[in-house]
Each structure stands twice: as structure tokens, then as C-alpha cells.
Amino acid sequence: MSASPTREQALDLYYYLRLNRSLEELLARLFKQDKIGGGLYGSRGQEAISVGAAYALGPDDWMAPMVRNIGALLVRGFRPRDVLTQHMGRITSPTQGKDGTSHFGDLAVRHVIAPISMLGDLIPVMTGAAMAGRYLGQKIVAMTWIGDGGSSTGAFHEGLNFAAVQKAPLVLVIENNQWAYSTPVSRQAAIRDLAGRARAYGIEGQVIDGNDILEVWSAAHAAVEQAREGGGPVLIEAKTMRMTGHAQHDAAEYVPREMFEYWKARDPLERYEKHLTENRLWDEKTKAEVDARVERELAEDLAFAENSPFPPAELAEQGVYCEGCHTIEANWRRPKEEVMPPKSSVTAAWTVTDFGNVTPRDQAQDQAPKKVRR
Amino acid sequence: MPLVTYLEAIRQALLEEMNRDPSVVLLGEDIGVYGGAFKVTAGLLERFGWERVIDTPISETAIIGAAAGMSYLGLRPVAEMQFIDFIACAFNQVTNYVAKSHYLRGAPIPMVIRGPAGGGVHGGAFHSANPEMYFVHTPGLKVVYPSTAYDAKGLLKSAIRDNNPVLFFEHKLLYRRVKEELPEEEYLVPLGKAVIRRPGRDLTIVTYAAMVHASLEAAAQLAGEGLEVEVVDLRTLLPLDRETVLESVRRTSKLLVVHEDTRTGGIAGEIAALVSEAAFDDLDGPIRRVTSLDTPVPFSPPLEAHFLPNAARIAAAVRDLAKY
Numbered sequence: 001m002s003a004s005p006t007r008e009q010a011l012d013l014y015y016y017l018r019l020n021r022s023l024e025e026l027l028a029r030l031f032k033q034d035k036i037g038g039g040l041y042g043s044r045g046q047e048a049i050s051v052g053a054a055y056a057l058g059p060d061d062w063m064a065p066m067v068r069n070i071g072a073l074l075v076r077g078f079r080p081r082d083v084l085t086q087h088m089g090r091i092t093s094p095t096q097g098k099d100g101t102s103h104f105g106d107l108a109v110r111h112v113i114a115p116i117s118m119l120g121d122l123i124p125v126m127t128g129a130a131m132a133g134r135y136l137g138q139k140i141v142a143m144t145w146i147g148d149g150g151s152s153t154g155a156f157h158e159g160l161n162f163a164a165v166q167k168a169p170l171v172l173v174i175e176n177n178q179w180a181y182s183t184p185v186s187r188q189a190a191i192r193d194l195a196g197r198a199r200a201y202g203i204e205g206q207v208i209d210g211n212d213i214l215e216v217w218s219a220a221h222a223a224v225e226q227a228r229e230g231g232g233p234v235l236i237e238a239k240t241m242r243m244t245g246h247a248q249h250d251a252a253e254y255v256p257r258e259m260f261e262y263w264k265a266r267d268p269l270e271r272y273e274k275h276l277t278e279n280r281l282w283d284e285k286t287k288a289e290v291d292a293r294v295e296r297e298l299a300e301d302l303a304f305a306e307n308s309p310f311p312p313a314e315l316a317e318q319g320v321y322c323e324g325c326h327t328i329e330a331n332w333r334r335p336k337e338e339v340m341p342p343k344s345s346v347t348a349a350w351t352v353t354d355f356g357n358v359t360p361r362d363q364a365q366d367q368a369p370k371k372v373r374r
Numbered sequence: 375m376p377l378v379t380y381l382e383a384i385r386q387a388l389l390e391e392m393n394r395d396p397s398v399v400l401l402g403e404d405i406g407v408y409g410g411a412f413k414v415t416a417g418l419l420e421r422f423g424w425e426r427v428i429d430t431p432i433s434e435t436a437i438i439g440a441a442a443g444m445s446y447l448g449l450r451p452v453a454e455m456q457f458i459d460f461i462a463c464a465f466n467q468v469t470n471y472v473a474k475s476h477y478l479r480g481a482p483i484p485m486v487i488r489g490p491a492g493g494g495v496h497g498g499a500f501h502s503a504n505p506e507m508y509f510v511h512t513p514g515l516k517v518v519y520p521s522t523a524y525d526a527k528g529l530l531k532s533a534i535r536d537n538n539p540v541l542f543f544e545h546k547l548l549y550r551r552v553k554e555e556l557p558e559e560e561y562l563v564p565l566g567k568a569v570i571r572r573p574g575r576d577l578t579i580v581t582y583a584a585m586v587h588a589s590l591e592a593a594a595q596l597a598g599e600g601l602e603v604e605v606v607d608l609r610t611l612l613p614l615d616r617e618t619v620l621e622s623v624r625r626t627s628k629l630l631v632v633h634e635d636t637r638t639g640g641i642a643g644e645i646a647a648l649v650s651e652a653a654f655d656d657l658d659g660p661i662r663r664v665t666s667l668d669t670p671v672p673f674s675p676p677l678e679a680h681f682l683p684n685a686a687r688i689a690a691a692v693r694d695l696a697k698y
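Chains G and X are the protein sequences, given in the same order. Under the working numbering, the first sequence is numbered contiguously, ending at residue 374. Under the working numbering, the second sequence is numbered contiguously, ending at residue 698.
One thing to keep in mind: the hints can contain errors.
Simulated crosslink set (DSS-like; lysine-lysine; CA at most 30 Å straight-line) [what the hints assert, rightly or not]:
#1 X:413 with G:343
#2 X:553 with X:697
#3 G:336 with X:531
#4 X:531 with G:343
#5 G:343 with G:167
#6 X:567 with X:531
#7 G:336 with X:413
#8 X:413 with G:167
Read the hints as simulated data drawn from the structure, not as lab findings.
Take the sequences, apply the hints, and build the full model.
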């Protein structure tokens, strides 16, 4: 069943798409001005997947972005200043300069778990978050993203398989942007649709148009509710295109020009603007207001970031261990007695219902030595 | 009072912490219905149910990763590696995801990774290793390796309550070979504190895990020769109890480090550097070490016996050092 957003939600989606795009354009300018160290990983052309999927989550749900999912961070309540200070290594950044890029989260309020550079690692982590939420009786869903390249990692397969076995409420979005750095998806996997892997784990998988924000939102919304109701994990493959290089330093000369042209004609932001206009969901004035709001917020947050000091050098020595800092309290939404003896006790035996789909007699015949023809 | 084995002490620690705190959950391969390859978790599924004693696929990365995710929601997972050697399969998840979480993002991961380690049981190269130093070299982790039943129980309970990721190495040779009476009342052993197992004035042996017992055997033998050897059991390798090591060496002026881990890159190197930096003037001889060979753990009994340190080798090294 496909849901559709209210007018307010529809304009909200535009705001986040626009903010995502404009913020990344600002980041690229700052990179060229040498105000950003390290790498700058963009999501131009892919913003609908970050924004649309994250927008489908409820306030108590959990999310873990990949490095390119800046839009998802914005939807989850982070502000451009968080992204800017983080890239600029300032003390005011979410990690106080300890890490860069989109490597930050917020466990307490926004329920965002931070990514690291090793792709795939988040899938087992979010499987655990989903299992913990269920254990605590919270009825939450955990969502994360992975690229076409990252879907080649062992962690992807181990995590998704474990989630499937556990029927964990996990939504995994494969953001197939056609390129893993310089390697095309055809050299990552010998299957056309990466969502086809879902079948191998006994879960549901689907392919969607990642450049259509309404399709992303609708598919993610349905997946989230299915997972929440105990339907187990859902794999969504959103087809899209990375419209830049792997990072700012990469001119992406290995990408055929025609491919850029093909996908440029399917730009998610332009498509969505057209949708809003054609369906009379806004007028010129509304668009101008949202665009002005985005520009104003970016200007304010840029000033904040540029006026923020760098961290004191001694900060490098601090925080390796958590000493008296642990403030995470499990949020129990079910009686603890249910997981304590005597209520928790069970018979320690497996229930094997179908003997592996063969009768014991068949199995014996299967394993009997075959006659060898001489 | 009945004698409690090192293995049973670990089981008691798990049982007590699970009774005390419903946020403690276990996950690992064959830990539920089967009770674990060594039966450390026997009976826990029956008591605590499927949600708290989770049999997993053979997926060490999934086990460690899921435990990290659980900890972010306020649980205190204890992940078992069926043999600690298999932690290599989850090396990235442990060293990059788990260990760096608090430093980089202020997100603590209170979890324990425990499993059987060490040789002497003819397990071969993939079921006998001592991979502790990979993790001692990883800021953000704590590494614990007890030698007695009392410590195994008290340290594991502390590890579960600690707000950092703790790697808890259990020496499988000791599982059923060492036993002692344990207090009836609850007790904890603090992480990061070494203990003097045997006092002595002539020479300090710094060691841990199974080699504590080999060192004590050597010390008893040497006492008959008039050499009074002090044996320091590190118990926790990270953070290292520098004070206890330095205090002992300052009294005895001689240091031998003994470990079952292989020689190059073993903790003996770190301790030698520490003592050279902080107590060089107190030394009356070179710092020596007795360790395993720099090879994988070989399988066949005479090969493995040649690979491992033993009391005779330790005693010989002490006699040699005593000449200075």
C-alpha cells in the first residue's frame, strides 16, 4: 500500500532536499578554499534517498547514516552548523574535532548511530540496535544505508543474515549509485539487481527509483511499518547515480559522459520541483520562501562555523575511556519480570518442525551410497 | 565448602550479573541449547530464555557488531567467541567500530567479549592462540586475562559492569584444572590492578594467565635453592598496572617477564620499556623474558611442548639472572 505525503510533508521534503543540495554546494566551495581538511564525500544526485528514507522514520526509531547521507542527518534534526563544524574540525562540532565528515551521531535525543569508514559495519550494529529495541519492548525500527560497493563486504552479508534469522526490525537501503570509487557495479556483483540478494536471506527485497523522492519515501514508509509489525528486515535497492567523483579530489574521468547526461535528466531535485508545480502543491512565492529560508540558515550557520575555534591540542589526550560518563539507560517498555526467572525460563531444546524439508526416510535414501556404473 | 573451578567461576559471574541486571544479555555460537563449546554457559538458556541467551550464526562480525548496537540502547551484552582465535574474523568491528566509539563520538560501548584462549591442550594453530596483544595495542579497549577462579569471577563481574568494551580472555587449560573455594558473599575484583602472588626479595617475575602457575611452580623449586622469587600476576593487560610492576622491581632489582604469547611484540617488550624508562637506576641486571616461540602454535604434543614456556625454562632463566 503506497502512502502519499500531506502538503505540509511534501513541502518539508522539498526543504530538506534543497537544504541538502545547497549545504553540499557550500561544502564544496569551502573545500576549494582549503577550509575543509581530509575528504569531502558528496551525495549530489542521491539526495532523495537520504531525505526520503529518513523521513519515513518515527521519532523513537534509530538510524545510522553512511558518509554520504547528509540529508538523513538533516531530517533527523542535525543542523547545517553540525555538518559544517564537523568538516572544518572545530570544537563546536558534534565530535569536538575528534572525527570529520558525517561521522557523528546522537544516541540520547535523535537516535542516530554514527558511521565509520569501514563499509558494512553498520549493518550488524543496526541489527543489534533493532534486537535491543525489541527486547526492551519499544517497537522501534532501525534503518541504515549501504552503497553498491559496500554491499560486497562480509559485514553486509553477516549482518543481513543475522537480522533475517532474528526477524529483526531492520530496514536496509542499498544506495546503488553505480560506482564504488572508480569501479562500476558490474564489477562488484554479477547480479543486475542487488535487491535480489534479499531472497538469499529469506527476506523481502525491492528495487525502486532512487531519484524519485516520493517513491523512496513511500517504499521506506511501507518497509518501516512492515518491520515494526514484526515482518522482519526489508532490503530496498534504490537505483541512482553519483553525480560527482568519489570525493572532491576525484574528477570521475572514468565515468562515461553519456551516463552523467542520462542521470542529469533525472535529477531528483528538479523532478520533485516539477512534481510540486504540476500538482499545484506550491507556487513561485512558496518556493522562493523556502529557498530564502535555506540560504538564510546556511549563511547563519556558516558564520557560526567560521567563528568557532579549533579544539585545544590537549583534547587529543582525552576520552579514550568512558570514566563515569555513561548515561545511557535502557528504556524499558515491558515488564522486566518477563526476562527474569521464573518467567524467562524455557526448555532448552530446538523445535525442528520439518526435518529440513525432507522426511527422515528421504534423507536416509539421499545419503545412501549411489551405485557406481563401471 | 566445595571447590569451584575457573570455568564454573566464570559461569557464576554470568549467572549473578544476569540475575542482578536484566540489561545483561549473552550472544554467541552454540551458547544456548548446547551451553557453549566448553559448557561455560550451560543452564543459562533454561534460566533466562531465548531473548537473553542468543544462539547466533557463525558470524563473528555480526556478533560483535550486534553487541555494539545493543549497548547503544542501554544493554550490556556479553559476546562469546567460541575460541578467542575467531575474534580475528571480527577484527575490524572490534578495533575500528567498538574501540574508537567513545573517543571519537563520546558513545560508550559497555560490552564484554569473552572466550577461551591459550595452548597446552593440543588444539593446534587455530584453537590455541593468545591474540591479546593485537588488542592491547588498541586504545579504547580493556584487556583482562585471569589466572585463578577467584579472579575470573570477580574480574568478569567488574568487566560486565564496566562502561568500556572489555576483552576477557579465559585460559582453556585452566578451565577445569584450577579450582578453589570462593566466598559465599558477592565480591568484585577491580580491573587494572595486578596482584603479587608470591612475595620474594631476589627477583621479580611479571606474568599472567596460565604462566602464573608455571612461574609459581618455578618459584617454589627455586626457594629450595635459596632464591626468593616474587611473582606478579598482571590480571589486566590494558590498562597496565605500572605501579605494582615498578614497585616490585625497585625492591628486587631484577626482572623476568614470562608470557605464553609469542615473543616479538609480546607484552614483555612493553614492560621492559616501562621499567627501563622509570626504574633503570634500580636494575642490577638485564631484563629477560621467557615466552613462546615466534611461530604459530604447532599441533603435535612434542612440538607444542617445545613451543610453550614451562617451569623448567623459567627456573633456568631465573638462575641465569641471579648471577648478576
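Pair hint outcome, residue 343 of chain G versus residue 167 of chain G [Cα-Cα no greater than 30 Å]: OK: residue 343 of chain G and residue 167 of chain G at ~23 Å, within 30 Å.
Pair hint outcome, residue 567 of chain X versus residue 531 of chain X [Cα-Cα no greater than 30 Å]: holds, 15 Å
Agreement of residue 553 of chain X and residue 697 of chain X with the hint, judged by alpha carbon distance not exceeding 30 Å: Since the Cα atoms of residue 553 of chain X and residue 697 of chain X sit roughly 36 Å apart, the hinted pair is violated (cutoff 30 Å).
Residue 531 of chain X paired with residue 343 of chain G [C-alpha distance capped at 30 Å]: holds, 24 Å
Agreement of residue 336 of chain G and residue 531 of chain X with the hint, judged by alpha carbon distance not exceeding 30 Å: Holds. Residue 336 of chain G to residue 531 of chain X sits at ~21 Å (cutoff 30 Å).
Pair hint outcome, residue 336 of chain G versus residue 413 of chain X [Cα-Cα no greater than 30 Å]: Between residue 336 of chain G and residue 413 of chain X the Cα gap is close to 27 Å, so the pair holds against 30 Å.
Holds or violated: residue 413 of chain X to residue 167 of chain G, with C-alpha atoms at most 30 Å apart: With a Cα-Cα distance of about 27 Å, the restraint between residue 413 of chain X and residue 167 of chain G holds, given a limit of 30 Å.
Proposed proximity, residue 343 of chain G with residue 413 of chain X (alpha carbon, max 30 Å): holds, 23 Å
Taken one by one, the earlier hints fail for this structure only at number 2.
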